[in-house]
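> Residue strings, one per chain:
Number of protein chains: 2
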Amino acid sequence: MNIGLIGIGTVGGGTYRVLKDNASAISNKMGIDIKITHVADKNLKLAKDTVDKDITVEENAFALIQNSSIDTIVELIGGTGVALEIVRKALENGKHVVTANKALIAMHGEELVKIANKNNVVLAYEAAVAGGIPIIKAIREGLAANEVEWIAGILNGTTNYILTEMKENNLPFDTALQQAQDLGFAEADPTFDIEGVDAAHKITILASIAFGIPINFEAVHVEGISSLSQKDISYAEELGYRIKLLGIAKTDNSNVEIRVHPTLIPEKRLVANVDGPMNAVLVQGNMVGPTLYYGAGAGAEPTASAVAADIIDIARQSMLSNKTLIPTLGFMPDKIHKKNILSIENIFSEFYLRLTMKNKVGLLAKITNIFADHEISINSMVHKEVKENNLNPDIFLITSKTKESDIDVIIKEIELLPENIEKIVKIRTEELK
Amino acid sequence: MNIGLIGIGTVGGGTYRVLKDNASAISNKMGIDIKITHVADKNLKLAKDTVDKDITVEENAFALIQNSSIDTIVELIGGTGVALEIVRKALENGKHVVTANKALIAMHGEELVKIANKNNVVLAYEAAVAGGIPIIKAIREGLAANEVEWIAGILNGTTNYILTEMKENNLPFDTALQQAQDLGFAEADPTFDIEGVDAAHKITILASIAFGIPINFEAVHVEGISSLSQKDISYAEELGYRIKLLGIAKTDNSNVEIRVHPTLIPEKRLVANVDGPMNAVLVQGNMVGPTLYYGAGAGAEPTASAVAADIIDIARQSMLSNKTLIPTLGFMPDKIHKKNILSIENIFSEFYLRLTMKNKVGLLAKITNIFADHEISINSMVHKEVKENNLNPDIFLITSKTKESDIDVIIKEIELLPENIEKIVKIRTEELK
Numbered sequence: 024m025n026i027g028l029i030g031i032g033t034v035g036g037g038t039y040r041v042l043k044d045n046a047s048a049i050s051n052k053m054g055i056d057i058k059i060t061h062v063a064d065k066n067l068k069l070a071k072d073t074v075d076k077d078i079t080v081e082e083n084a085f086a087l088i089q090n091s092s093i094d095t096i097v098e099l100i101g102g103t104g105v106a107l108e109i110v111r112k113a114l115e116n117g118k119h120v121v122t123a124n125k126a127l128i129a130m131h132g133e134e135l136v137k138i139a140n141k142n143n144v145v146l147a148y149e150a151a152v153a154g155g156i157p158i159i160k161a162i163r164e165g166l167a168a169n170e171v172e173w174i175a176g177i178l179n180g181t182t183n184y185i186l187t188e189m190k191e192n193n194l195p196f197d198t199a200l201q202q203a204q205d206l207g208f209a210e211a212d213p214t215f216d217i218e219g220v221d222a223a224h225k226i227t228i229l230a231s232i233a234f235g236i237p238i239n240f241e242a243v244h245v246e247g248i249s250s251l252s253q254k255d256i257s258y259a260e261e262l263g264y265r266i267k268l269l270g271i272a273k274t275d276n277s278n279v280e281i282r283v284h285p286t287l288i289p290e291k292r293l294v295a296n297v298d299g300p301m302n303a304v305l306v307q308g309n310m311v312g313p314t315l316y317y318g319a320g321a322g323a324e325p326t327a328s329a330v331a332a333d334i335i336d337i338a339r340q341s342m343l344s345n346k347t348l349i350p351t352l353g354f355m356p357d358k359i360h361k362k363n364i365l366s367i368e369n370i371f372s373e374f375y376l377r378l379t380m381k382n383k384v385g386l387l388a389k390i391t392n393i394f395a396d397h398e399i400s401i402n403s404m405v406h407k408e409v410k411e412n413n414l415n416p417d418i419f420l421i422t423s424k425t426k427e428s429d430i431d432v433i434i435k436e437i438e439l440l441p442e443n444i445e446k447i448v449k450i451r452t453e454e455l456k
Numbered sequence: 024m025n026i027g028l029i030g031i032g033t034v035g036g037g038t039y040r041v042l043k044d045n046a047s048a049i050s051n052k053m054g055i056d057i058k059i060t061h062v063a064d065k066n067l068k069l070a071k072d073t074v075d076k077d078i079t080v081e082e083n084a085f086a087l088i089q090n091s092s093i094d095t096i097v098e099l100i101g102g103t104g105v106a107l108e109i110v111r112k113a114l115e116n117g118k119h120v121v122t123a124n125k126a127l128i129a130m131h132g133e134e135l136v137k138i139a140n141k142n143n144v145v146l147a148y149e150a151a152v153a154g155g156i157p158i159i160k161a162i163r164e165g166l167a168a169n170e171v172e173w174i175a176g177i178l179n180g181t182t183n184y185i186l187t188e189m190k191e192n193n194l195p196f197d198t199a200l201q202q203a204q205d206l207g208f209a210e211a212d213p214t215f216d217i218e219g220v221d222a223a224h225k226i227t228i229l230a231s232i233a234f235g236i237p238i239n240f241e242a243v244h245v246e247g248i249s250s251l252s253q254k255d256i257s258y259a260e261e262l263g264y265r266i267k268l269l270g271i272a273k274t275d276n277s278n279v280e281i282r283v284h285p286t287l288i289p290e291k292r293l294v295a296n297v298d299g300p301m302n303a304v305l306v307q308g309n310m311v312g313p314t315l316y317y318g319a320g321a322g323a324e325p326t327a328s329a330v331a332a333d334i335i336d337i338a339r340q341s342m343l344s345n346k347t348l349i350p351t352l353g354f355m356p357d358k359i360h361k362k363n364i365l366s367i368e369n370i371f372s373e374f375y376l377r378l379t380m381k382n383k384v385g386l387l388a389k390i391t392n393i394f395a396d397h398e399i400s401i402n403s404m405v406h407k408e409v410k411e412n413n414l415n416p417d418i419f420l421i422t423s424k425t426k427e428s429d430i431d432v433i434i435k436e437i438e439l440l441p442e443n444i445e446k447i448v449k450i451r452t453e454e455l456k
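Residue numbers (this note's numbering), protein chains in the order written: chain H, 24 to 456; chain X, 24 to 456.
Honestly, the hints are just simulated from the structure, not real lab data. Don't take every hint at face value.
Put simply, identical chains are the same to the list, so a pair is met inside one copy or across any two.
[What the hints assert, rightly or not] Think about it this way: if two alpha-carbon atoms lie no more than 27 Å apart in a straight line, the pair counts; the simulated DSS-like pairs of lysine-lysine are:
id, residue 1, residue 2
1, K446, K381
2, K435, K65
3, K358, K58
4, K43, K456
5, K383, K254
6, K141, K381
7, K346, K141
8, K43, K71
9, K291, K190
10, K456, K407
11, K58, K112
12, K358, K426
13, K381, K112
14, K190, K456
15, K254, K291
16, K358, K435
17, K43, K362
So that you can see chain H by itself, here it is in the shape it has in the complex (with noise of 0.2 Å):
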């Protein structure tokens, strides 16, 4: 089997690395050997000074596309933009692809599965989604015998270290933020991070596999955390609860909810609990009922070890037959269907609210007899004590399970109270169970 790499930066390093120095437990396994046989890269100095010489080193990844003597094209360079040329290309050449690329496969995927369908060829992308993790294969495979119900993820590790650093040393996000560019652990321009667009390509990719959907990018509620406040993240905790960006995905069978948005999630579940740059996924299905699957989801030998993972799945049914076993998205292509998304306005939630307003007597009535109104409960509810300095203390309160649009009647009222100072914090949560 010859296999050509294209992109030898950080995971593409990472992927020869791991299948030169795991070599001979692969090949243990495998019962032949799994090699790298061709890299491009424009750069191809640091190619030819990262592979070994019996390697083929090409500038032009098309050369390698048009080589009718590789079977597989792993393509690591990333993004939409020469990536998709050369990912189509090979499927339509009759190569299998390996990528982790979750924007190609979140915003591409649709066309992208069906040139694989058409040419008979494996489309493999474990490493787009929570990196290290086997959750592709665990939805698509380990679970296949269930309905999935639904999925909650922490999908991103550059936002779980923010929350993690703003929770545990009561830091402001940007100082956070900071502090995780400085480790490495975000980029310089950390927008599709922080903003929740990379966990959003990532959970688009989930709710396909899971619910038997087109991929749909177009379809999801982003929202992410760099208006979020660490005072929010304290209240959270006081009642019980911590916030995470969690990656959500749900369905009725009729309705389909897929959303990224800061989450309070009670402390006691085991995801409320993956601090650091970590991800984690609890995938709740019909049958087996909560599994989670929590590891690595950046760094190069953690998502190298998802690519290598799919190449010796494509070697491994290679040399059973030259069809493919599991279809790209998990249903058989005629099997998937729309189904109604959800616009966020129709989801139902429960709501933390944190509202600013001046103390005068009565203030609580006002603001209760509003909830009352309109029949919606409040779970719990804080009113910090007033002190000297402070004579609008903050309230904050958790609801019971409510549409989204009458929580946000309810909020346009209260900001209509003379007494209210500030825009009303509204954070979604979820108990998930």
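Based on these hints, arrange chain X on the given structure of chain H.
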């Protein structure tokens, strides 16, 4: 594909239900229907009452094994008596076998794997370890590119439920066990669970597929939780640890450790926070780092979820070829090698010790001198305050990493001191990082 199910009890009934209730979801993933076609149970009436009219029901399991129209046998009787005979004959007759029987695989796996290989059929056992968690698939396939360095798992839900109750509600072992029995989490005869035998069956299997060594149940060092005192759980908590019954397998490539015993784990570790009857397996790969897999380790539907996943895997690969895709024990049969298995005296661990001694002047000096003489350091130590009616307050401590035989020498020396009242309690401690 004709599938014969033998044993229509809890898990058997669950498997029948999963494949029936989720038939359309499964068919959407497979492109074909997966259906139990034959059932055998010595309770013929129960079998007939459980399954639909169109299923062939037999009293004699061997009728299914001799039926040449059946491709796959699902053995859900349990135990190592008739189940061994059934699985052996089914494999010899060229049938794939799916089983949830951990005792069978742990004690007779070597023989059965050989028969499966010889007859080129699949022997699948995902449900035998950690119930619904797809841990066999994660290790054999998802982490295939890794050398597994160690595994530490909560592999028995009964004991984890008991330990959780002992900790949360300050119960003695006997009360917590009684409660587990009342709630159906423990059997009338709980010996296999509480003495660690069930967990030992499972870690035996995991060690084999992780390290490429023969299945060798006899080599496992096994200690249960029946002599564990609530006091030690509280003291561990004071030191920042939780006590869990862990199945541990480690290798440094030349030596292997396989053991089951109560273990102190830092409370910060995710696996320390797995409570109630749930299971979790922490797997350290040399490339991916730590990964954790969590879910229900028992129960009809969760176990059936894993049994059904194995059936689906067999069906998928049968559609491709009549060759087997993945070697039964993860490694190619000729690459499975015995490694030296360390006896418990030769392992290295940190140790929690609890001493019950008469409180005399110079006692602590005597004790700490014994450690100093053997050049073993103490990481933390608590001498409970002397109060009225408590002339012999407890002393507990955690040592640095030490060879077990060296600690045993120290324990003997301390127990020979005239102040010593009771046998010293020793519990191994793992940092799990």
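> Could you run down the list of hints and mark each one as holding or not?
Hint check:
1. In the homo-oligomer, the alpha carbons of K446 and K381 lie at most 27 Å apart inside one protomer (13 Å), although the nearest pairing across protomers, at 65 Å, exceeds that limit.
2. Taking the closest pair of Cα atoms, K435 and K65 never come within 27 Å of each other, the shortest separation being 55 Å inside a single copy and 67 Å across copies.
3. In the homo-oligomer, the alpha carbons of K358 and K58 lie at most 27 Å apart only across protomers (19 Å), although the nearest pairing inside one protomer, at 36 Å, exceeds that limit.
4. Taking CA atoms no more than 27 Å apart as the test, K43 paired with K456 passes between copies only; the shortest distance there is 25 Å, against 43 Å inside one copy.
5. Proximity of K383 to K254 under the C-alpha cut-off of 27 Å is restricted to the intra-copy arrangement: shortest distance 22 Å within a copy versus 52 Å between copies.
6. In this homomeric assembly, K141 and K381 never come within 27 Å of each other (Cα to Cα): the closest approach is 65 Å inside a single copy and 80 Å across copies.
7. Proximity of K346 and K141 under a CA criterion of 27 Å is satisfied in both settings, with 12 Å inside one chain copy and 25 Å between copies.
8. In this homomeric assembly, K43 and K71 come within 27 Å of each other (Cα to Cα) only inside a single copy, at 15 Å, whereas the closest approach across copies is 56 Å.
9. Taking the closest pair of Cα atoms, K291 and K190 come within 27 Å of each other both inside a single copy (16 Å) and across two copies (15 Å).
10. Taking the closest pair of Cα atoms, K456 and K407 never come within 27 Å of each other, the shortest separation being 30 Å inside a single copy and 40 Å across copies.
11. Taking the shortest Cα distances, K58 and K112 sit within 27 Å of each other inside one copy (22 Å), while across copies they are farther apart (40 Å).
12. Proximity of K358 and K426 under a CA criterion of 27 Å is satisfied in neither setting, with 31 Å inside one chain copy and 58 Å between copies.
13. Neither within a single protomer nor between protomers do K381 and K112 lie at most 27 Å apart by alpha-carbon distance, with minima of 63 Å and 80 Å respectively.
14. For a Cα distance limit of 27 Å, the shortest separation of K190 from K456 qualifies both inside one copy, at 24 Å, and across copies, at 23 Å.
15. Within a single copy, K254 and K291 get their C-alpha atoms as close as 21 Å, and across copies as close as 24 Å, so both meet the 27 Å cut-off.
16. In the homo-oligomer, the alpha carbons of K358 and K435 never lie at most 27 Å apart, since the shortest distance is 43 Å inside one protomer and 68 Å across protomers.
17. In the homo-oligomer, the alpha carbons of K43 and K362 lie at most 27 Å apart only across protomers (24 Å), although the nearest pairing inside one protomer, at 44 Å, exceeds that limit.
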